[in-house]
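Protein chains: 2
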Amino acid sequence: MGKYTIGVDFGTESGRAVLVEISTGREMGTAVYPYSHGVIDELLPDGGPRLEPDWALQDPQDYIRTFQNAIPQVLKESGIDPADVIGIGIDFTACTMLPVKSDGTPLCDLPEYRNRPHAWVKLWKHHAAQPEADRINRIAREMEEGWLDRYGGKISSEWFFAKTLQILDEDPQIYTAADRLLEAADWVVWQLTGVETRNSCTAGYKAMWSKREGFPRREYFKALDPRLENVVAEKLSTTIIPIGQRAGGLTAQAVSWTGLKVGTAVAVANVDAHVAVPAATVTEPGRMVMIMGTSTCYMVLGTEEHIVPCMGGYVEDGIIPGFFGYEAGQSCVGDHFAWFVEHCVPAAYDEEAKAREVDIHQLLEEKAGRLRVGESGLLALDWWNGNRSVLVDVDLTGMLIGATLATKPEEIYRALIEATAYGKRIIIETFQKNGVPIHELVACGGLPEKNKLLMQIYADVIGLPIRVSASKQTPALGSAMFGAVAAGMAQGGYDSIYDAARVMAHLKEVVYTPNPADQKEYEKLYAEYVLLHDYFGRGGNDVMKRLKRIKAESRR
Amino acid sequence: MGKYTIGVDFGTESGRAVLVEISTGREMGTAVYPYSHGVIDELLPDGGPRLEPDWALQDPQDYIRTFQNAIPQVLKESGIDPADVIGIGIDFTACTMLPVKSDGTPLCDLPEYRNRPHAWVKLWKHHAAQPEADRINRIAREMEEGWLDRYGGKISSEWFFAKTLQILDEDPQIYTAADRLLEAADWVVWQLTGVETRNSCTAGYKAMWSKREGFPRREYFKALDPRLENVVAEKLSTTIIPIGQRAGGLTAQAVSWTGLKVGTAVAVANVDAHVAVPAATVTEPGRMVMIMGTSTCYMVLGTEEHIVPCMGGYVEDGIIPGFFGYEAGQSCVGDHFAWFVEHCVPAAYDEEAKAREVDIHQLLEEKAGRLRVGESGLLALDWWNGNRSVLVDVDLTGMLIGATLATKPEEIYRALIEATAYGKRIIIETFQKNGVPIHELVACGGLPEKNKLLMQIYADVIGLPIRVSASKQTPALGSAMFGAVAAGMAQGGYDSIYDAARVMAHLKEVVYTPNPADQKEYEKLYAEYVLLHDYFGRGGNDVMKRLKRIKAESRR
Chain A
798 MGKYTIGVDF
808 GTESGRAVLV
818 EISTGREMGT
828 AVYPYSHGVI
838 DELLPDGGPR
848 LEPDWALQDP
858 QDYIRTFQNA
868 IPQVLKESGI
878 DPADVIGIGI
888 DFTACTMLPV
898 KSDGTPLCDL
908 PEYRNRPHAW
918 VKLWKHHAAQ
928 PEADRINRIA
938 REMEEGWLDR
948 YGGKISSEWF
958 FAKTLQILDE
968 DPQIYTAADR
978 LLEAADWVVW
988 QLTGVETRNS
998 CTAGYKAMWS
1008 KREGFPRREY
1018 FKALDPRLEN
1028 VVAEKLSTTI
1038 IPIGQRAGGL
1048 TAQAVSWTGL
1058 KVGTAVAVAN
1068 VDAHVAVPAA
1078 TVTEPGRMVM
1088 IMGTSTCYMV
1098 LGTEEHIVPC
1108 MGGYVEDGII
1118 PGFFGYEAGQ
1128 SCVGDHFAWF
1138 VEHCVPAAYD
1148 EEAKAREVDI
1158 HQLLEEKAGR
1168 LRVGESGLLA
1178 LDWWNGNRSV
1188 LVDVDLTGML
1198 IGATLATKPE
1208 EIYRALIEAT
1218 AYGKRIIIET
1228 FQKNGVPIHE
1238 LVACGGLPEK
1248 NKLLMQIYAD
1258 VIGLPIRVSA
1268 SKQTPALGSA
1278 MFGAVAAGMA
1288 QGGYDSIYDA
1298 ARVMAHLKEV
1308 VYTPNPADQK
1318 EYEKLYAEYV
1328 LLHDYFGRGG
1338 NDVMKRLKRI
1348 KAESRR
Chain B
798 MGKYTIGVDF
808 GTESGRAVLV
818 EISTGREMGT
828 AVYPYSHGVI
838 DELLPDGGPR
848 LEPDWALQDP
858 QDYIRTFQNA
868 IPQVLKESGI
878 DPADVIGIGI
888 DFTACTMLPV
898 KSDGTPLCDL
908 PEYRNRPHAW
918 VKLWKHHAAQ
928 PEADRINRIA
938 REMEEGWLDR
948 YGGKISSEWF
958 FAKTLQILDE
968 DPQIYTAADR
978 LLEAADWVVW
988 QLTGVETRNS
998 CTAGYKAMWS
1008 KREGFPRREY
1018 FKALDPRLEN
1028 VVAEKLSTTI
1038 IPIGQRAGGL
1048 TAQAVSWTGL
1058 KVGTAVAVAN
1068 VDAHVAVPAA
1078 TVTEPGRMVM
1088 IMGTSTCYMV
1098 LGTEEHIVPC
1108 MGGYVEDGII
1118 PGFFGYEAGQ
1128 SCVGDHFAWF
1138 VEHCVPAAYD
1148 EEAKAREVDI
1158 HQLLEEKAGR
1168 LRVGESGLLA
1178 LDWWNGNRSV
1188 LVDVDLTGML
1198 IGATLATKPE
1208 EIYRALIEAT
1218 AYGKRIIIET
1228 FQKNGVPIHE
1238 LVACGGLPEK
1248 NKLLMQIYAD
1258 VIGLPIRVSA
1268 SKQTPALGSA
1278 MFGAVAAGMA
1288 QGGYDSIYDA
1298 ARVMAHLKEV
1308 VYTPNPADQK
1318 EYEKLYAEYV
1328 LLHDYFGRGG
1338 NDVMKRLKRI
1348 KAESRR
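Heads up: the sequence lines are chains A and B, in that order.
One point on numbering: in this note's numbering, the residue at position 264 of the first sequence is 1061, and numbering is uninterrupted.
One point on numbering: in this note's numbering, the residue at position 529 of the second sequence is 1326, and numbering is uninterrupted.
Bound conformation, chain A alone:
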């Protein structure tokens, strides 16, 4: 009889359960639960003030409903005996956090706080804490806090203490009422096991914690706000558990939700992007994982600690135990092409796609694929959604240069693809120059499946081979792998994520290898990209920021 593990991947709009065979990594079934409240960005479910722009909340009960719906469904559809499921792992978007009482009850589930926006889950893309992030950064620089360097010198408004500080600033009663502030990732594991744990991944990447130094010192928090002096002792657990550990076993209540066995091993929580790394076969340095979707996350392991300026951060044991996990991000990848298709593709192309019964992306890919490198004369900067790594500046904007009256939509489309490739290359070179070696890329996510042209352009621009993860749901697979590790070899699982990855993670046959002629041509274009990147991104001409200011003023 085979043994199985379930990975649950909590995304932005839905939760997904995947049931995996432990001896092979074969995915036996998948079930998706679309959150009933989705992303809450205008009105709370039961009333309250209209949310301001940049807010993005969620309902924690949607996560419980994911367990209640997706797990029974995947069991049913796969026909696997629940008794053969020996482990569960989960991964989450991050930083997605919420305030709860000491028993784990979310404040938004208490009638007295239900209409208070700050009582709800703040989703990763809640961007209303920018003033708080600015304060965190300014005071850290003033106090010369060493941990700032680990995050490329800048904390994002998406991260844990920016969101925490926003609660304190704007609704101190909620801050006071919260016995705990924690990642939704850790909260769902708590709900499954009855045990409060905190995982090293979100603590490290989103909450300024490190294995060697812990959280920032009390003096720093006091300088941020006197009421925050003891935030770590009062609101956080200081016991941070490395990923790859067992958090606990399923409670009777969790069994009533899922139909699994009491005591089934549950892994410490993890983050969607990070958990994808071993699922993409990567458990060693040198091979960078790219999780390509609306945006792209980059993850690479290193044996040594290096300060890589203006990157997302690095955490010891943050991705795979025993390594420093480095991450970076590109804000606008799939979103870029979606924007183009929605706003810039003429009706004639839609008609052609319809007549030929192909997807519009496919038609554009086909037309763009017929172009030779440099043939369009176009070059773009991939900053339609700002720049997350290398420049770390949300106020940078998109640019296209080289347009003529003969410029065609597929040429612009290809230029946007190329722009994201140049952006990738700058990130990779920044790592390499700062002592983090990279010799191969492994792609996962939706885009690599869909767009072969894109993959080839990436290989040609970057000059490295790119492989593709076999799973279409790498994060869920990764979570399932950690579930098998939480169960351990004695139960039919694995004793380490390395062992799990060797058996359960696979790559596709295809390898995108740089075409030497195109690679050479792209060298010229990349040099132009770098010149414009530095001119507009490093203060040569701050026109993008000034235009944003004029834009903001025009709306008053």
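For the record, the hints were derived by calculation from the structure and aren't laboratory data.
Mixed in with the good hints there might be a few duds.
The list treats identical chains as one, so a pair stands whether inside a single copy or across any two.
[What the hints assert, rightly or not] When the alpha-carbon atoms are kept at most 20 angstroms apart in a straight line, the in silico SDA-like pairs for lysine to any residue are as follows:
#1 LYS1345 to GLU1172
#2 LYS1151 to CYS1141
#3 LYS1348 to THR1201
#4 LYS1032 to GLY991
#5 LYS1348 to ALA1314
#6 LYS1151 to GLN865
#7 LYS1164 to ALA1049
#8 LYS951 to GLY1056
#9 LYS1317 to GLU1350
#10 LYS1164 to GLU1154
#11 LYS922 to ASP856
#12 LYS1008 to PRO1118
#13 LYS1342 to ASP1331
#14 LYS1164 to CYS1141
#15 LYS951 to ASP1022
#16 LYS1205 to ALA1349
#17 LYS1151 to GLN1288
#18 LYS1321 to LYS1345
#19 LYS1342 to ALA853
#20 LYS1321 to LYS1348
Starting from the known structure of chain A, arrange chain B on it as the hints suggest.
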């Protein structure tokens, strides 16, 4: 009984005859003849080699067919007695030139040359003589030819001697076989009157002639090519007749084509843009005429001679006798919006326009009109078709900056309109700074009719009032006015173009006046435009040229 005059405007795709009442300027009828061969840019009508890119030829018989078709038609439709038509004027695109025998027969009409591309009419937008233009400029600079300054230091590949030199370079037999090389404008007047004349407008603006100095000296032509030493004496007429004169009277053959009276006065040929100036009521300095179509021509009169760097050129008596006529050009105006509508407007907008039964341009204008100045955060450089004045560089290309994932089509559309407004302002300021005063603008052409938003943006960006010519076919009206002047007062016409303009030319009631608040906002955006204009246009970063080079190489 009223007296009438006919203006014939030879455009790029068709010829247009307009019959005008002399005592009022009232347009009694219009007839258009679409050229049967249109623009010849791939294959000659009766075979021959495939034309290379950038070639653009025409069939001179299409001009004769315009007389044969459009004039009888306009007479018939207006019901005017041909005996009451006392004058004809014509205007043409320029430089549009052809090689002919001494009796006026075009070489392309001779069987032995019919399959030779160089025997045909080279249309204004024939751009294949760039190497020749480069040689003309280089040698003129080396020999310190004074006339170069009159043209802003640069001769265009569109102009007369660049095209002449291309014939000599590539098909010297055609050059030798030609007894005359001349503007199609002068050729059609020759066909009407049986008399070869050369007008001062094309000679001055397109063939480096001036009233005071004549053509460039023989030594210069010899340096270009020894065979060209006596080009003026051998191939050109040295008698240049000022515009506003009578070229001759209609021949019997021309009467057989048109149905008019033998001896009807025919005016010396003129150029479409220039002839529009008096038809737009402008016969004095200070009021600049903008002829707005696919591109925009700017014309302004001055009482003094000024070297205005990097403008199209200035010619004494070139527009209105007694004044220096200054001109400039913007390569991409209506073309810009047409490109956008064809290539960048999504199907949803087409559907909305269809559902609401409005034109797509109208829909875009409406949506763009709802935006406040600066609200889009976008800025563009209007160089989709290079830059014709101020920078004079065909290798410059279009740029758009400030795009985000929220950028909408109407925002890009408005940014392109604004870019052409900034381009206009730079041209106007360059004239003003160099001693040519401008205090009002008068617009004519198709665009001012169609797009009120565009006109208001122009007024706001430039900070001057803009008036609009009453006629929808200003060049044809201007030609008709010159026809009335050719007839003279004794015949029922006028003795000068000033007299004709006072009676026959009119403005619309509407005046576009700068809105002070928007004008102030646009100052900020214009400052950003100038910064980018100079960075990309004056050598700060020649990326546009390098991209063009990479593009050219990629196609080999």
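Now for the hints, and whether the structure bears them out:
1. LYS1345 to GLU1172: Classified as between: cross-chain Cα gap 9 angstroms, same-chain 32 angstroms, threshold 20 angstroms.
2. LYS1151 to CYS1141: For LYS1151 and CYS1141, the Cα distance is within 20 angstroms both inside one copy (17 angstroms) and across copies (18 angstroms).
3. LYS1348 to THR1201: This pair counts as between: shortest inter-copy Cα distance 12 angstroms, intra-copy 27 angstroms.
4. LYS1032 to GLY991: within (18 angstroms within a copy, 100 angstroms between copies)
5. LYS1348 to ALA1314: Answer is between: at 15 angstroms across copies they meet the 20 angstroms cutoff, but 43 angstroms inside does not.
6. LYS1151 to GLN865: neither (39 angstroms within a copy, 47 angstroms between copies)
7. LYS1164 to ALA1049: neither (56 angstroms within a copy, 58 angstroms between copies)
8. LYS951 to GLY1056: Close neither inside one copy (44 angstroms) nor across copies (83 angstroms); limit 20 angstroms.
9. LYS1317 to GLU1350: Between copies only: 13 angstroms across chains, 45 angstroms inside a chain, cut-off 20 angstroms.
10. LYS1164 to GLU1154: Within. Shortest intra-copy distance 15 angstroms satisfies the 20 angstroms Cα cut-off; inter-copy 32 angstroms does not.
11. LYS922 to ASP856: So LYS922 and ASP856 pass the 20 angstroms test inside one copy only (14 angstroms; across, 64 angstroms).
12. LYS1008 to PRO1118: within (11 angstroms within a copy, 87 angstroms between copies)
13. LYS1342 to ASP1331: The answer is both: 14 angstroms in one copy and 19 angstroms across copies each meet 20 angstroms.
14. LYS1164 to CYS1141: Close inside one copy (15 angstroms) and across copies (16 angstroms); limit 20 angstroms.
15. LYS951 to ASP1022: within (19 angstroms within a copy, 66 angstroms between copies)
16. LYS1205 to ALA1349: This pair counts as between: shortest inter-copy Cα distance 17 angstroms, intra-copy 32 angstroms.
17. LYS1151 to GLN1288: neither (53 angstroms within a copy, 66 angstroms between copies)
18. LYS1321 to LYS1345: For LYS1321 and LYS1345, the Cα distance is within 20 angstroms only across copies (12 angstroms; inside one copy 31 angstroms).
19. LYS1342 to ALA853: For LYS1342 and ALA853, the Cα distance exceeds 20 angstroms both inside one copy (24 angstroms) and across copies (44 angstroms).
20. LYS1321 to LYS1348: Answer is between; shortest inter-copy Cα gap is 11 angstroms, intra-copy 34 angstroms.
Against the hints set out earlier in the document, violations occur for numbers 6, 7, 8, 17 and 19.
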